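Novice: So the protein lines, in turn, are chains A and B. Take the first sequence: its letters are residues 1 to 138, numbered as in the working numbering. Take the second sequence: its letters are residues 1 to 400, numbered as in the working numbering.
By construction, these hints were calculated from the structure, which means they are not laboratory data. Just so you know, not all the hints are guaranteed correct.
Claimed, not checked - Below, a list of computed lysine-lysine pairs in the DSS-like style, where the Cα atoms sit at most 30 angstroms apart:
no., chain 1, residue 1, chain 2, residue 2
1, A, 6, B, 265
2, B, 265, A, 16
3, B, 265, A, 62
4, A, 6, A, 62
5, B, 326, A, 26
6, A, 131, B, 265
Stated by the list, open to error - Derived CB-CB ranges, DEER-like:
no., chain 1, residue 1, chain 2, residue 2, range
7, B, 77, A, 52, 37 to 45 angstroms
8, A, 93, B, 17, 53 to 61 angstroms
9, A, 20, B, 202, 48 to 56 angstroms
10, B, 202, A, 93, 43 to 51 angstroms
11, B, 207, A, 104, 25 to 33 angstroms
12, B, 369, A, 122, 43 to 51 angstroms
13, A, 122, B, 281, 52 to 60 angstroms
14, B, 284, A, 11, 49 to 57 angstroms
Unchecked claim - Calculated Cβ distances over 10 angstroms to all of chain B for the following chain A residues:
no., residue
15, 34
16, 49
17, 133
Bear in mind that the values here come from a model prediction, so they are computed numbers and not experimental data. Glycine included, each C-beta is placed from N, C-alpha and C at the ideal position.
Listed below, chain by chain, are the residues.
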Amino acid sequence: MSEYAKPLPDITESTKPFWEGCKAGKLLLPKCRSCGQMFFFPNHFCPECLSEDVDWIDSSGKGVVHTFTIISRPPSDAFAADVPYVVAVIDLEEGPRMLSNVIGIPPEHVRVGMPVEVVFERVSEEITLPKFRPFDRV
Amino acid sequence: MRRWRKRIAIVGIGESDLGTVPGKDSYELSRQALIRALDDCGVRKSEVDGVMTSGAFSVLYPMHSLLFCEYVGLRPRYTSVMQIGGATHILNVLTAANAIEAGMCEIALITSAESLRSFAGFERLIRLFGNASGDMTAVYSAIGHPDFEVPFGTTLIGQYALYANRHMAEFGTTHEQLAQVAVSIRKHASMHPQAQKRQEISVEDVMNAKPIASPFTKDECSLISDGGAAIIVTTFERARDLKKKPVEILGGGAKTTQEHATLSKSFTTSPAVSAGNDCFAMAGLTPADVDFAELYDCFSITPLISLEDFGFCKKGEGGAFVESGKRIEIGGELPIVTHGGCLSHCHPGLPSGIFHITEAVKQLRCEVEPARQVKDPKVGLVSGVGGIFSSVTALLLAKV
Chain A
1 MSEYAKPLPD
11 ITESTKPFWE
21 GCKAGKLLLP
31 KCRSCGQMFF
41 FPNHFCPECL
51 SEDVDWIDSS
61 GKGVVHTFTI
71 ISRPPSDAFA
81 ADVPYVVAVI
91 DLEEGPRMLS
101 NVIGIPPEHV
111 RVGMPVEVVF
121 ERVSEEITLP
131 KFRPFDRV
Chain B
1 MRRWRKRIAI
11 VGIGESDLGT
21 VPGKDSYELS
31 RQALIRALDD
41 CGVRKSEVDG
51 VMTSGAFSVL
61 YPMHSLLFCE
71 YVGLRPRYTS
81 VMQIGGATHI
91 LNVLTAANAI
101 EAGMCEIALI
111 TSAESLRSFA
121 GFERLIRLFG
131 NASGDMTAVY
141 SAIGHPDFEV
151 PFGTTLIGQY
161 ALYANRHMAE
171 FGTTHEQLAQ
181 VAVSIRKHAS
191 MHPQAQKRQE
201 ISVEDVMNAK
211 PIASPFTKDE
221 CSLISDGGAA
231 IIVTTFERAR
241 DLKKKPVEIL
251 GGGAKTTQEH
261 ATLSKSFTTS
271 PAVSAGNDCF
281 AMAGLTPADV
291 DFAELYDCFS
301 ITPLISLEDF
311 GFCKKGEGGA
321 FVESGKRIEI
331 GGELPIVTHG
341 GCLSHCHPGL
351 PSGIFHITEA
361 VKQLRCEVEP
371 ARQVKDPKVG
381 LVSGVGGIFS
391 SVTALLLAKV
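From just these sequences and the hints, can you work out the full model?
Specialist: Pasting the structure below:
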């Protein structure tokens with residue numbers, strides 16, 4: 001695991017619950033207790049009403065692809081072995097939108113509106129990244 | 001919003017050498033543009049009492065406009081640095097107009113230049129900050145939220161592609177239509193002696209070019225260039241005894257919605273709706289009054305969504321509007337990006353949008369090559385886009 005060369009997020013006091021959640025296999029989303037708004041990016045305050053009374057909700061981890069792109073030219077050599085890969089914006093069931101990768105499917109099969117669910121990819125001792133794979137609604 | 005009580009105009013423009021200009025850092029490119037702009041209008045350097053710059057990543061310096069003024073011996077009353085990406089320069093023109101209206105300066109210089117291709121001056125930055133990676137394009141391409149976007153391998157191009165794919169899924173816009181935007185813009189560049197890429201291309205060429213981030217291929221992405229420009233703004237009163245006829249600033253608008261693409265409320269509609277409404281209201285005009293539009297064109301999707309958002313066609317009809325290129329090329333009902341834009345003329349990073357303004361001024365003065373000249377133009381719209389459709393600025397300019 002030490003050879004993971006891609007950029008890693010910083011864990012800060014504000015984002016720690018989110019990354020702790022990922023590590024434990026949960027997609028925790030911040031929700032403002034004051035105005036009820038769920039939001040993303042994770043932070044210690046609500047970007048709408050600025051309240052610091054933030055709760056963390058264990059989400060379903062399900063959503064749909066709002067939009068996506070297949071990256072053929074990577075941002076750096078660290079991603080060179082992955083191309084082509086999918087970067088997508090996911091509309092989570094609970095409301096917030098997040099950016100991630102759609103994996104486990106040939107890139108050219110990804111579609112706008114496709115249902116997806118979270119999977120967790122442990123990339124370092126501290127960091128587990130939330131990624132998404134197609135999910136069949138029965 | 002009301003227009004300024006004083007009639008305010010762009011009276012002088014100058015462009016530096018463009019394309020690949022090794023050995024000239026951003027300050028030197030701006031100096032070159034300044035000399036040409038002063039010469040264009042006949043203003044003396046000592047008369048410039050307002051200076052608005054954009055900063056430059058290649059020579060990162062905390063007080064950019066102060067250093068530039070020192071470099072060229074300017075001692076303005078009013079100076080500022082603005083940095084909202086490709087939307088910067090229009091807002092700087094509006095800042096100049098506001099400062100002139102308020103009496104805080106009389107003759108304002110707007111300038112921006114960058115050495116994005118040759119990295120002139122960048123070696124000093126590396127010395128200053130230690131062992132940086134040394135590749136400025138890598139810095140640009142990795143723009144994104146460091147915790148919630150960059151770790152997933154996103155790129156600047158890929159983030160605009162998110163808009164293109166959503167627009168295609170929602171409205172049936174085709175990749176051929178997007179490719180046509182690049183083809184028409186290249187056609188304009190082919191008639192521009194200073195454009196970096198002048199070889200005409202076809203829709204097939206675009207479709208078959210190297211994929212970068214779907215749907216975009218190489219030809220649908222901005223260039224990497226060196227270059228910059230300077231613009232002189234003053235009152236009609238002061239313009240009376242200058243060399244060129246003033247180009248009046250009829251209206252301006254600006255809107256910011258977010259920085260990171262992830263947080264966009266819409267991937268099909270941009271802040272141009274709001275910026276455009278304000279701009280047209282201030283000018284007392286409608287889209288039907290516009291003879292040509294220098295729409296910011298960092299990627300093929302950008303002008304297409306802008307055409308819809310500024311009201312030149314309905315939402316979702318941008319694809320049909322650009323199809324075949326007839327309506328958006330010189331001679332068509334609304335020629336766009338008549339100089340070749342970021343896609344074919346010059347894209348030095350931060351300064352890229354400044355050439356959309358200088359081109360609009362040239363068109364309204366009927367100073368461009370005959371093949372590229374819009375017939376009898378009276379009103380031109382210019383737009384700037386910063387970030388990932390994060391911030392849009394708009395300007396309406398008119399022949400007097």
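Novice: Let me make sure I understand: some of the numbered hints might not hold for this structure. Which ones are they, in numerical order?
Specialist: Per hint list: 5 and 12 violated.
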